[in-house]
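We have chain A; now place chain S onto it with these hints.
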Amino acid sequence: MSLQRIFLAGNPNSGKSTLFNALTGLHHKTANFPGVTVESLQTEIELRSTGKVVLVDLPGTYSLYPQSQDEWVACQALVQAASEGIPTVVVVVVDASNLNRSLLLIHQIQELGLSMQVVLNKCDRVANPGLKGVVQWFENEMKIKALVCDARKGQGLNEVSKAFGQRLAEARSGAVSTVPGPWAASWNEVFGQGLETQNLGNEVIRAQHSAETVERYRRINQSLKTCPLHETKAKAALPNGPDRLLLHPVGGILVFVAVMALMFQALFAWASYPMDFIENMMLWAGENLRQFLEPRYPAMSHLVTKGLMPGIGGVLVFVPQIFLLFLFLVLLEESGYMARVSYLMDRNLKRIGLNGKSIVPMLGGFACAVPAIAATRNIVSWKERLSTIMILPLMSCSARLPVYALLIQFAVPEGYILGIFSLQGLTMMGLYLMGVVAAVLSALVMKFWIREKGPSYFMLEIPAYQWPVSRNLWQVPLRYCLSFVQGAGKVIVVVSLLLWFLASFGPDHKMSETLTGQATPPVLEKSYAGVLGKALEPVIMPLGFDWKIGIALVTSFAAREVFVGTMATIYGLEGDPNQDGTQLRLKERMQKDTVGGSKEPLFNRATVWSLLVFYAFALQCMSTVAATKQETRSWKWPLIQLLYLSALAYLASLAVYQWSL
Amino acid sequence: MPQRQGSLDQAPTGVPLTIVRLDESDLSLKLMEMGCLPGEKLEILHRASGGDPLAIKVMEYVLGLRAREAAAVWVSWGDTPLRNLWNSQEP
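So the protein sequences, as listed, match chains A and S. All you need for my numbering is the position in the first sequence, starting with 1, plus 389. All you need for my numbering is the position in the second sequence, starting with 1, plus 741.
So here's chain A without its partners, still in its complex pose (with noise of 0.2 Å):
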């Protein structure tokens, strides 16, 4: 595939992300993080004059020696674009508001001989945003076609696609000007070395490396005299305005809590409507396509109603939250918040032997482990970097919350603390308040127990406040909630298939009378999940499980959120408690279900407190696994992961079910 490509590159902050998304809309391949490019984000966009290309976002940098992993990526695909054959361009996103720093990449990516445009950007921040002058020292001093563009308002976009167009023709025909530099050598000496970024303080690329920097620098500083440079309107925020409280040692963290819990109170209380209208919705199509099966394909009606339709209920009810904690997520990256609680936090995250930019995946750890890992590649330290990998899976993700949300309403009554907060969402931020603690706990260990060596540092740029983009507002929640629904609806699909055929055959029974409805199927405890199920039962037992639950437990190590499908699914099968037929909700069936015949509800509070525990801190999640492979380049640190997540759950199970027996 010799597609055409476009890099966009530049400094982090820049506003590329906001380009992209303003170019692209809801056309990806990979599922986006709030604020961070983790990967190199593509899609393909259609232009007018040159019809298909691949649009990259590239992950912000500030040089061509990348430091951290994502920076890396940067690098990497710029560099080897040079000699890779593919019609490529390079747009340099700069933020208009600081030309002087993005003018090292500028001349560094300059002597790679790709067909370059400049697109400033941030143009509001600048006391003239027209930024005539500018553009045209860049044409004639620095020979680079430049344009102004305002990505947040959405402005411009026509001429940076046109430009586009441009670049790509002459990137075709070969009519790249290259400016030969002393340094391009250097580079490829860097990237001979392999994917280490731990071994880029070779000695003499340092020394050529600072040499390097200073000169590039003289001669950036030697040509910006004749450049108009325009006054910046945005003035720094620090010491003065919100800084003062937010960034405050004690008022600081006072806000951040109630942030945080302000972010709970919504995940509970605000998607509650939402989430009962699609439930409601799923039961009203399931029944109706029951009536209109059952008569006419008794076995389909069975196979779609009881194991297909209660499965993708479960994941479709709690998109609402998802898309909550994205929007939430958005709003501190994109408003500068994020930032600060980085610099906040570094000086007690160091202590537990993370970074303060742990903080970014550790807050994405809430709605998704998966790209959280991922977003630790700016973190430089490999140690802190494996620490906050190894703790991520504790901070409560959103598979865990359609869990908790069904448990807590047998754990905790309903009702009001103050007039506004609720019980159930008091209980829903306590549980995550436990995540958090054990992976600090866990933190701590890790920072005694990992020896791996590299420098660590914390360099993080502080953007000025900005009222985030409505664009991004809604657009990254969605994009994340489809690619959700596709990637985890996939795999609750299947297992949901898997369950009920599991659930609704059994060693006794002959398959094809049941699927002819010669034979009623049997009933659950004698069905293949029910012997499965009675097999785990006695590892489980001393938690207050029992065999349905663990069924569960099994299927759910494909993903958390099938507890809640498996649940269904299970309780779907089991017939209706209610004789006229109606349908009951999920969890008035498992509020009538009893231990083994006795009158003891089996949701009972030391069961529900032990179980939702055990979801707190379990790794559940294959996906999670992958990544942790992915990123650490082996089968240890995931299988460690695996192993200390799994007892840590069955051991605070175990206790937590003890002691409230």
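It should be emphasised that the hints constitute simulated quantities derived from the structure, not laboratory data. Some clues are possibly wrong.
[As the list claims (entries may be wrong)] Under the rule of at most 20 Å between Cα atoms (straight-line distance), these lysine to aspartate or glutamate pairs were calculated in the EDC-like manner: (1) A:K772 to S:D767; (2) A:K842 to S:D767; (3) A:K614 to S:E781; (4) S:K782 to A:E604.
[Claimed, not checked] Not everything, but these chain A residues come out facing chain S in the computed CB check (under 10 Å): (5) Q393; (6) L636; (7) T1021.
[Claimed, not checked] Away from chain S, derived, C-beta distances all over 12 Å, residues of chain A: (8) R514; (9) K879; (10) Q1019.
Don't be surprised by glycine CBs; every beta carbon is placed ideally from N, CA and C.
What follows is chain S alone, placed relative to chain A:
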């Protein structure tokens, strides 16, 4: 005011500073790329509790860094007038 020199982590807050030199290390390379070059002006805007990390203003933007990293930068202060250095800081 007499000219004084010291490492950046020991320098006073809210006073214009000039970079004299940087230690030789990977860390300094990163700092240089971020705009902390000899001769460049900077100012400490904020120190977190315990003086670590700190936020400096350099090349028109705010950079957060740890005190240990700041120690790699040697700065001087007191030899330049307090005003007129930061065009963006003027009202």
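Hints, verified against the model:
no.: 1; hint: A:K772 to S:D767; verdict: holds, 17 Å
no.: 2; hint: A:K842 to S:D767; verdict: holds, 15 Å
no.: 3; hint: A:K614 to S:E781; verdict: holds, 16 Å
no.: 4; hint: S:K782 to A:E604; verdict: holds, 18 Å
no.: 5; hint: Q393; verdict: violated, 31 Å
no.: 6; hint: L636; verdict: holds, 6 Å
no.: 7; hint: T1021; verdict: violated, 22 Å
no.: 8; hint: R514; verdict: violated, 10 Å
no.: 9; hint: K879; verdict: holds, 41 Å
no.: 10; hint: Q1019; verdict: holds, 26 Å
The earlier numbered hints that this structure contradicts are 5, 7 and 8.
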